[in-house]
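Chains as they are written, first to last, in the working numbering: chain A, 1 to 131; chain B, 1 to 74.
If a hint is listed, it holds; no wrong ones were tucked in.
Calculated pairs, DSSO-like style, for lysine-lysine (alpha carbon to alpha carbon, straight line, at most 30 Å): (1) A:Lys99 x A:Lys70; (2) A:Lys99 x B:Lys5; (3) B:Lys5 x B:Lys20; (4) B:Lys57 x A:Lys70; (5) B:Lys50 x A:Lys70; (6) A:Lys126 x A:Lys99; (7) A:Lys126 x B:Lys57; (8) A:Lys99 x B:Lys50.
Keep in mind the hints are simulated off the structure, nothing from the lab.
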Amino acid sequence: MSTQPKGCLTCPSAPPEAGSVLLGIVAAPGQIVYITPNPPVTQELLDTFEQNGIPPENRLRFAGPCMEHKCMQWAGTRCGLIDRVVDHFGERDDAELPKCRIRNTCRWFAQHGRTACASCPEVVRKPAEAW
Amino acid sequence: MADHKFEFTLSGVHLSEAQKSQIASEIALVVTRAVTGNSPQALSTPMWSKVNIHGGKMIPEALLAAEAGAATKT
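With the hints as constraints, model all of the structure from the sequences given.
And the structure:
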């Protein structure tokens with residue numbers, strides 16, 4: 001990611017905004033189709049999704065720099081969101097890993113390893129009732 | 001896990017950044033529509049609300065500034 005400072009970790013559930021990349025598509029609850037390489041997010045891309053009736057924060061997942069304390073999910077020194085998700089689903093480190101382009105810098109993978117990858121598809125930014 | 005690779009190379013032309021961005025956008029849209037259908041509906045499951053796993057919400061800048069101000073006063 002060109003706008004990401006060196007050493008900064010990547011949030012796999014970032015807002016859809018310029019500077020982010022398209023991580024994947026939510027095919028169904030708990031199922032993400034990961035895209036490699038990740039298309040960069042531009043206003044044109046977001047406009048295209050809107051014009052085609054695709055709710056980006058529900059049917060798409062974006063990745064961007066982890067904002068740490070600027071994010072409501074930040075819990076002291078770590079991402080509280082993936083901690084809650086892993087607490088809910090438990091350790092699932094035997095799952096086959098998808099081909100995910102951001103794993104090397106992923107905040108969630110850094111905290112929970114393969115268990116984070118197994119739980120990652122369960123997350124959306126907005127459920128239907130939030131639209 | 002099923003993987004599918006589609007590879008395209010455009011040769012013989014110098015594309016501008018705008019053209020490359022447009023191509024990436026169109027490909028992303030086509031892939032999205034192929035996966036979600038032509039009229040994708042917003043999805044929900046009871047679990048999403050139960051666990052509150054709605055990803056990365058940014059704290060408004062004004063609130064951050066107010067908190068920083070309060071911290072320096074104490």
